[in-house]
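Protein chains: 2
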Amino acid sequence: MAKKQQNGNRVRDALRAGDELPDPASSPVGPEKKAKGGKKLESAGEQLAGLQEALYAEGIGGGQRSVLLVLQGMDTSGKGGTVGHVLGLVNPMGVQYAGFKKPTAAERKHDFLWRIRKKLPSPGHLGVFDRSHYEDVLVPRVLGQLPAAERRQRYAQINAFEKELTDNGTAVVKVFLHISPEEQLRRLTARLDRPEKRWKFDPSDIDARRQWPAYQKAYADVLKRTSTAHAPWYVVPADRKWYRNWAVAELLVETLTEMDPQFPEPAFDVDEQRAALQGVGVPA
Amino acid sequence: MAKKQQNGNRVRDALRAGDELPDPASSPVGPEKKAKGGKKLESAGEQLAGLQEALYAEGIGGGQRSVLLVLQGMDTSGKGGTVGHVLGLVNPMGVQYAGFKKPTAAERKHDFLWRIRKKLPSPGHLGVFDRSHYEDVLVPRVLGQLPAAERRQRYAQINAFEKELTDNGTAVVKVFLHISPEEQLRRLTARLDRPEKRWKFDPSDIDARRQWPAYQKAYADVLKRTSTAHAPWYVVPADRKWYRNWAVAELLVETLTEMDPQFPEPAFDVDEQRAALQGVGVPA
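Listed in order, the protein sequences are those of chains A and B. Sequential numbering from 1 applies to the first sequence in the UniProt record's numbering. Sequential numbering from 1 applies to the second sequence in the UniProt record's numbering.
Hints may contain errors.
Identical chains blur together in the list; that is why a pair holds if it fits in one copy or across any two.
[Unchecked claim] The calculated lysine-lysine pairs, modelled on DSBU-like cross-linking and capped at a C-alpha distance of 30 Å, are:
{"hint": "1", "residue 1": "Lys-109", "residue 2": "Lys-224"}
{"hint": "2", "residue 1": "Lys-163", "residue 2": "Lys-36"}
{"hint": "3", "residue 1": "Lys-197", "residue 2": "Lys-33"}
{"hint": "4", "residue 1": "Lys-102", "residue 2": "Lys-118"}
{"hint": "5", "residue 1": "Lys-33", "residue 2": "Lys-109"}
{"hint": "6", "residue 1": "Lys-241", "residue 2": "Lys-109"}
{"hint": "7", "residue 1": "Lys-119", "residue 2": "Lys-200"}
{"hint": "8", "residue 1": "Lys-36", "residue 2": "Lys-118"}
{"hint": "9", "residue 1": "Lys-36", "residue 2": "Lys-224"}
These are computed hints drawn from the structure, not numbers from a lab.
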């Protein structure tokens, strides 16, 4: 237990967004090799499943807390794969997934946080956002459609929104999946070469790739302006899928370990219920 | 492929609801032993994950089809465990879980299918109902609150509703998890004995157990009246969790294999996109 507490921030501390981005193929903390990473993911998965069950049970018992994992990153950075390999480790009953595409005409009529709020996780749940409100400070900025003043206003709105969430018991874990342009080229090429992967490709991915430096600049600004004490950003080197999976799983395990979700106390007398149960016997 | 087609209904045919319920600890089809069952679940899981990905891709490409798994059964029959062990085998992006508890005051003001319709799976998704509209012909009947005429009316409404779903491309897989009263006693006792399981126990579980014969009668009637050609019931012997998991996974695999979901044809010229991608090169 003491050890757990001592190391409770190890991965979060090592991956917290700083002034410099790590090498997308590096291991700032944790396993260096795939074989080790796979084993460590397995044990992180068991921890995560147990912690998630406790959080779910706490929610059933009336608890209000939840976790929101926000996944951001360039196309092919592995948002969907992370959902499959990390969130896939826990009971789907406790997971709430929401993907955010380009806002629809109806959504654009509202404040940019409107559609986000509707998808926040319920108490006891592990929510995951595959893209998020951060798209609304990234895409329009790169397209030259977001004046600096409005951008600053959105940052302030995001920070206030996330403060509201954390104040109300939702731990917000924001992850930037950081890949290299070389790795993206390999992955986009694979999506074109393999027929069963083509559905993941969209011609607009190439437009975004053309804007790579502008996106990197926009991301750097986002990481700087919206990494707060209540909701810091983590940068996960994501060129190696096994490292990415392990790192995101560990970020969730550390977060949930700190939350220390509690199985609720029964609202009934256990001995009384045991006696009642025995009294029923085995019906014919 | 020929073999697949020949055996494509093997598990569905064997588990389809008939006049008699199978022994809850039997294997009407498939593995007899736990070790074999575990291995077979693993391979069914791989098939299921692949089929689910194709269905999801089909949905992204504009396809309207989906799957709805309806789980019913007495308390402790393993609805939640099935979700964890079977739906947990596929990417959570493609799974939509909905649990139905006792209807709220607001829900009771509407037709009983109102709250159900709101939770139907989106195109390309694998929806799972943990309890369902069937609660509304089971519970009120056992409590003596559903006159026979109204019950018959609800059966007709359910059959029409499910016909509408299947006509519109949603495969409906209805599973009755069949446990013995002896096994339920063991599981309820375990929930009381183990503090980390107590949150799953509700004193009303004992009331329902007291009504065991009435529930069995109500279930038999439901299986008879609502097992239709478009949406038959399957009875899964569920005293052994490994058998239950394997059987439900196989029912889904057979259903999806028959649907034969298709990766969508690209809406772009692959060679053109490949050239465009190479043209961008590696941004600095």
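* Asked: Against the structure shown, which of the earlier numbered hints fail to hold, in ascending order?
  -> 2, 5, 6, 8, 9
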